[in-house]
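Engineer: Letter by letter, the chains look like this.
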Amino acid sequence: MDDPPLPAPPAPRASGGPAPVLGPDEAALLRAGRGEVAALEALYARLARPLMTFLHALTHDATLAEDLVQETFVRAWQAAPRWEPRAKASTWFFTIARHAAGHALAKRRPLTLAHPPERAAQAVPPSPELGERLAAAIETLSEPLRAAFVLVRVNGLSLADTAEILEVPEGTLKSRLAAAEARLRATLGDLAGEQEAR
Amino acid sequence: MSAPCTHADLVLHALGRLSPRRREEVLAALARDPALAREARAVVAHLALYDQLPLAPEPPPFATLLPRLGAQQRARRSFTAMRVAAALAAVVLVAIGAMLWYGRDEAQFERRSSWVEPGPGLALTRWGGGGALLATGHEPAELRIRGRTRVVLDRHSTLYLYQEDAVGLVGRAWFEVAPGAFRILVAGHQVDVLGTAFELDASLGLLVRVVEGRVRASFSSGEPMGEAGPGETITSAAAPVETDLPGAFARRPQLTLRVASEARAGEPLEVRLTFEAPRLIPVQLPGPAPVASAAWLAFRRPDGSDVTVGLDLANAGPQTLRPGHAEMLEAGQRREIVFRVPLPPGPPGTWRLSALYRPEGEAALASPTVPLLVR
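Chain order of the listed sequences is A and B. Sequential numbering from 0 applies to the first sequence in numbering that gives the first Met the number 0. Sequential numbering from 0 applies to the second sequence in numbering that gives the first Met the number 0.
Excised from the complex, chain A in its bound form (with noise of 0.2 Å):
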């Protein structure tokens, strides 16, 4: 008998949702990990995109984000090869960009820390265009709440997958999305109420 000791199948996800499957973003990860520039390349049209969104709203820096995407699909072509089909590519690859950012900005932390986490009401501008009192309101969040809040409400995102890249219990996930959507409506004030009478 050749055969080896029986290993155990892969854990299920810890928020109980359904198993991966091996969908064209794997498949062509796999090929990735062989070398083929074709297959990332592939892969960079899907996901560079949804990473960029959620990349700037996280630093809200678009140099710094379109150096993250590359750093991202750098340490991906890297990782690649040792990379088995038991998650979803594209919740690989918002991890990698979550811990690339966290770098990032644990390397820029002095600077941010002029900035208070209190500023809130104050940071955003007297009446800028919506989008950008948006954005700025968004910035105010602390990191984890940010991070949160993008992913499932602007990169739509469903809570298992959030909970896999933040490394988080689907409960954690919940109330940071609780805690950012109380805190954004504080920030912006009655902006909501504003827009439906207009």
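Worth flagging that the hints you see were computed from the coordinates, not collected in a lab. Heads up, the beta-carbon is just placed ideally off N, CA and C, and yes, glycines get one too.
So the derived list for chain B, only partly shown, Cβ under 8 Å to chain A, looks like this:
hint : residue
1    : L14
2    : P53
3    : P56
4    : P59
5    : A134
For chain A, the structure is supplied; the task is to place chain B on it using the hints.
Structural biologist: Same frame as chain A, now just chain B:
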């Protein structure tokens, strides 16, 4: 008693991320409490604002990434001659080892491939060297192992082939195991079977529902969890929630109602009730509950009034269902019972009809509504 509705519930409701059950509870709470409903509207209006967020800048073109990928490759090439020679020697040795290893992996994969006959929509995929797995997408699919064990893999599920008589499962599957030992490993548990038919849900913890034979489950540590026979289940503490969603794993027959498209008031109406098993697995159809009306037909007239008419199962011919007699419907099998019922009085126009059957010891089966033009 449902948990009170929190701010987090309102936010998840506005984001469309509540589970169906929790959504129902939150909607009920909103209907009861006007202040909560106002707060919910404020949350929805606030979250809707974020559709106005400006788009993020375009990501840089892929071509700008290539130098960074290439730089890594160039860095790898910047060895000294000695290092290159040493590396080459190492590569040759590794290549020989890899060829031997790969050959072994290849042989293992080929061997595993020979055990399994994947049905339509399934393909064997290599996993972790010589491993082999089968994964479903949005549709369930079936496969056979050694031509003896039939497995219906639910959608979004993965089956890992370890040995001829040992598989791993993530997700949900229906097993019909031929006599002989067979083992299923799921995260944290194992299930041993001896010739049986059962459903196994390993999407969270473990849930085994046995239809035939006996199944024994234990934790990975070897500590026993329990045994189950026909009609029994084994569950772990964190078992999946029981669901009755339509699809291959709706473990009950589907009831449909067919009538003519038109009818005249006062004339008898021919009604056909059809019980149908899911496409891939057999189900049990219990006999009628011992009550006066175990099957009835509901009419909604054009003026919105309702009337029900009992269906006489006892005199519905040889195809009828008898109390105390459950039947097995094979996968995809249908069972039709025909009745003739008087059409109740009412105004002409489009009526809506639905049927209901109350099986013994189970929740009622209801048919979708069908239209009937009454002249």
